[in-house]
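Given chain Z's structure and the hints, the job is docking chain H onto it.
Number of protein chains: 2
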Amino acid sequence: MRSFRLALAQINSTVGDLQGNVRKIRDYIDYARDLTADLVAFPETAITGYPAEDLMHKPAFLRDNLAALQQVVQASKEIAVVVGFVDADEDIFNAAAIASNGKLAGVYHKIHLPTYGVFDEDRYFRRGETYPVYIIAGTPIAINICEDAWYPVEPTQIQREAGAEILVNINASPYHSGKQLDRERMMATRASDNKIYAAYLNAVGGQDELVFDGASMIFNPEGQILAKGASFEEDLLVSDLDLDALLRSRLKYPRMRTGTTHGLGKVVMVSEFQEKSRPRLKPHPTPTSLGRTAEIYQALVTGCRDYVVKNGFSKVLIGLSGGIDSALTACVATDALGKENVLGVTMPSRHSSPGSIDDSVLLSKNLGIEIWTIPIEPAHSAFQNMLKDQFAGTVAGVAEENIQARIRGNVLMAISNKFSWLVLTTGNKSEMAMGYATLYGDMAGGFAVLKDVPKTMVYELCRWRNANKLPANAVPYNIITKPPSAELKPNQKDADSLPAYDVLDQILKAYVEEDLDYGEIITLGFDPALVQRTIATVDRNEYKRKQAAPGLRVTSKAFGMGRRFPIAQRFLR
Amino acid sequence: MRSFRLALAQINSTVGDLQGNVRKIRDYIDYARDLTADLVAFPETAITGYPAEDLMHKPAFLRDNLAALQQVVQASKEIAVVVGFVDADEDIFNAAAIASNGKLAGVYHKIHLPTYGVFDEDRYFRRGETYPVYIIAGTPIAINICEDAWYPVEPTQIQREAGAEILVNINASPYHSGKQLDRERMMATRASDNKIYAAYLNAVGGQDELVFDGASMIFNPEGQILAKGASFEEDLLVSDLDLDALLRSRLKYPRMRTGTTHGLGKVVMVSEFQEKSRPRLKPHPTPTSLGRTAEIYQALVTGCRDYVVKNGFSKVLIGLSGGIDSALTACVATDALGKENVLGVTMPSRHSSPGSIDDSVLLSKNLGIEIWTIPIEPAHSAFQNMLKDQFAGTVAGVAEENIQARIRGNVLMAISNKFSWLVLTTGNKSEMAMGYATLYGDMAGGFAVLKDVPKTMVYELCRWRNANKLPANAVPYNIITKPPSAELKPNQKDADSLPAYDVLDQILKAYVEEDLDYGEIITLGFDPALVQRTIATVDRNEYKRKQAAPGLRVTSKAFGMGRRFPIAQRFLR
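Going down the list, the protein sequences come from chains Z and H.
Heads up: take any position in the first sequence, counting from 1, add 1146, and you land on my numbering.
Heads up: take any position in the second sequence, counting from 1, add 1146, and you land on my numbering.
In short, the hints are calculated from the structure, not lab data.
A few of these clues could be false.
[Said to hold, decoys possible] Partial list, derived from the structure: chain Z residues whose beta carbon lies under 8 angstroms from chain H:
1. D1163
2. M1415
3. R1552
[What the hints assert, rightly or not] Restraint-style ranges between C-beta atoms, simulated for each label pair:
4. G1671/Z / D1237/H: 29 to 37 angstroms
5. G1166/H / P1298/Z: 55 to 63 angstroms
6. A1675/H / A1213/Z: 58 to 66 angstroms
7. L1718/Z / T1276/H: 31 to 39 angstroms
8. E1523/H / A1213/Z: 52 to 60 angstroms
9. S1460/Z / E1379/H: 40 to 48 angstroms
10. E1666/H / R1438/Z: 46 to 54 angstroms
11. E1660/Z / Y1262/H: 28 to 36 angstroms
12. E1224/H / E1660/Z: 39 to 47 angstroms
These figures come from a predicted structure and were not determined experimentally.
All C-beta atoms in this analysis are idealised placements derived from N, C-alpha and C, irrespective of residue type, glycine included.
Isolated chain Z, as found in the complex (with noise of 0.2 angstroms):
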């Protein structure tokens, strides 16, 4: 039997750390190489980590990355390595370099590069224009990278009628919910067209605004998954691939010979077939399928833990508020860091129910973190005689109420200054979109865990902590069913001000995930008056999220680097 025996190292690089990635890679060769795999394939610029964003205009920094790379070439002995860097020339590429025997022996360049979204790949790459096969251990692959992949006849048709066998299709590609069926469907399909064994390798980890949540597949030439790697973990996936049985599928395709060219797909020699013997695989664990919450819940726990570590801070501390919001973000913190890393800070003002604190103190009992109390009145009532005079006859309202939000802003802000604690805010997607927070207050901190969360969907993950995970319970039952309020009036709720949750949070997918405007939402059947003011909301609110902490992003389209919104414009429907 001809069999290739495929390694998929779906590592977690850092931006810019091009030792620390490069040492990874090496450990994962040595791993693969243990394992007799023919070849090991890494995530698409793995060793610069991904996006570089301006890094890439550093010379130093291509050069390095360059570097690295010969670093990572000498370490393939005995195994052929695929792995994404930046190639730099007189232009620079997303790059796949293929290495063997501590060489190198061909660079793939990323046709397809995406501009849309969270990508902004035209802005610093140049498309390749070539589409190789290699023939490794005997076998021709096909390489191409993430985006490459989504088209059907460029380049994955193309080196497959150049004889590939195998496609390893890497990428640096982030989750959001939704993303991985898209994934598999489409590698199916190009599995299945091109009767070609198809393997997905991802990159896995939190950076910045993104989670890359692994989920690696290889497929088989019928489109079926024949091994899964693990969601949100570094993981080896190692398969043995029968030729064999492609070859009887695949009679159509001209057996191909090194060094001829079939159309635009020029096979490269890299290394010959050796008859091996090697020790029988273990099939790979399949992983648990998680279901649409507990993915969410694991991609926040992914980001938040990769954000605050990647940023050298070890510990975070949260205004715990009583509300379900931070309750929600201390549980992601405890389970990203540990209990001993999260300091719960309560700030009871003059408007503060008993019960918040009450809850706040169970909340942080039943986690077991640590839990300060550092009541606001001496400064609210400072305050409030600093602008006596300049507020006299005016009516009490939103300034006033803002005031002991920014209060609570600069004794978290003074808590992380003193001791090098990160501070994570706490709003959800739609108070974001809303502007249902205030700028340098409740918004005040370095990552917004919820940033991308309705407000349903924070009630959801909560209702599936206190269900799945240890402590269970951890948030109390108040705080689950009490009405949200920001608490800084008497008697406040947010439904005062904001419509009904449940209404507006599809009123905001409507218009912030599916980009439909205010004409196609009301066909959906939303009272138009309330869509109106919501869109003219959402966009009129554009001045504070701009000024926002960064946040995960975990559905299609979050508040960040991936929509881009004018703040002076008039255009509000």
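Showing chain H alone in chain Z's frame:
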């Protein structure tokens, strides 16, 4: 004599204000018709404003833009009109409409789509593929858009070879210091290389981080400037172009005929030549040539005014520290909005020098602006007490300093929220680079006027303002001469934490504006350790800048939309 009367309307569109923009365009059409112009041109995307960004994802926006275009087309009676809009069918294009006799005669699609710096056109637009020439009033005219004119061959040369005698290049080209010289050289070359009249029409006015400077130009076929529009102001630049002179100089080109195609350039008939008796044009006043400093000052005034006004504010407030940054910000705001629309707020603390208050009072007296004094001691003591248990046993440092800055931010924002006045922040580019600013403290506010002005340029601008604008010497001598200090602890000076500004600003210019890296900068003769420390400090403070207020770009590269750096990254050189 065969001549063509060309009018360039450099107008200030507002993004998304389709009706407002159309009103303005129609007013200028009337104005140009009264002057018997053959053609009046408007800037790139004059109908939608530039850049409309993700507004272009809204079908209603695209539709309304097309309807707005129809209103402009209908106004093209007795005059031809060229106007920038967004052409939307299955794809969207950055487009110029050519209208005459109330009808749409043609549409040109921009060919070169900039996707670098502040430009993201590949995200939105598909590139054009045709090179039409329009015969307007019997004269063959090449229309193209912005970046198109920066390429020697396509489209301009192709349009010239198809018979064009006049090039009308419409722009929304954002200002930065030194850019006008590049534009002049480029257009002069385009004109003389092609022996063609070449008109460069630019938009005017501020749009978030960008300011368009106008300064439109018309070149003769020898590459000399015939006429020039005002800088930073709306203007209608009208000029009679002597086409007989042109014919003598371009005998090598075939006499073109309507309907024929020369190479790739298709010729489209718009309107026949008509003998008109027309009044002699008064020569366009030659705008005063602004020096470099005056030009930057004017950019700041224009950008500040438009950000405030286009966002619906009329009045601003500024924290006056007694330092030069807030003094210059107050000058710019006063010149932009009028003294009655600027409020200074001085917020002395226990660490403020008496001189700081006096200097701020004198500054506001000189400018004629109101000043409020709100001492922050009550809140400062309150915070100290609130945190005394948590901070017990620690050494006072940045945490204690920042508390004061954040109290001031809270005061300014409370006034802003109470009276609906916009807070202008006062930090300069050198501070923003080095993170020498307090998040949610002095960084709190809606617009950062000096965000792209290096500290050394702040001094230059103050001296220029004192010498050239009334009231003269508004910035007190003491503010200009005292050593910069944040006054957050006793005897604090910027020089304790930062390199001398004259050296620092040179390193920052090399690193940020010129994109040089460590190795390149030390070859310029700077101390390697200082360069290393500066670069690392700039990169590590990306997290602060991600939450900074938007501010005006005045250099070739600003912190903001044109510079995209990851936060979590480890390449610090």
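Consistency of the hints with the structure:
Evaluation of the D1163/Z hint against chain H yields a held restraint, the C-beta minimum of about 4 angstroms falling below 8 angstroms. Given hint, M1415/Z at the interface with chain H, is violated; its Cβ is 35 angstroms from that chain's nearest Cβ, farther than 8 angstroms. A hinted interface residue such as R1552/Z counts as satisfied when its beta carbon comes closer than 8 angstroms to some beta carbon of chain H; here the least separation is about 4 angstroms, so the hint holds. For the pair G1671/Z and D1237/H, the beta carbons lie near 31 angstroms from each other, so the given range of 29 to 37 angstroms is met.
Between G1166/H and P1298/Z the Cβ separation comes to about 46 angstroms, which falls outside the hinted range of 55 to 63 angstroms. Taken as a hint, the range 58 to 66 angstroms is violated for the pair A1675/H and A1213/Z, whose Cβ atoms sit roughly 23 angstroms apart. Between L1718/Z and T1276/H the beta carbons are some 35 angstroms apart, a value that agrees with the proposed interval 31 to 39 angstroms. Taken as a hint, the range 52 to 60 angstroms holds for the pair E1523/H and A1213/Z, whose Cβ atoms sit roughly 56 angstroms apart.
Hint check: S1460/Z to E1379/H, Cβ distance near 55 angstroms, so the stated range 40 to 48 angstroms is violated. The hinted range of 46 to 54 angstroms is satisfied by E1666/H and R1438/Z, whose Cβ atoms lie roughly 49 angstroms apart. In this structure, E1660/Z and Y1262/H meet the distance hint of 28 to 36 angstroms, their C-beta atoms being roughly 30 angstroms apart. A beta carbon spacing of about 46 angstroms between E1224/H and E1660/Z agrees with the range 39 to 47 angstroms that was offered as a hint.
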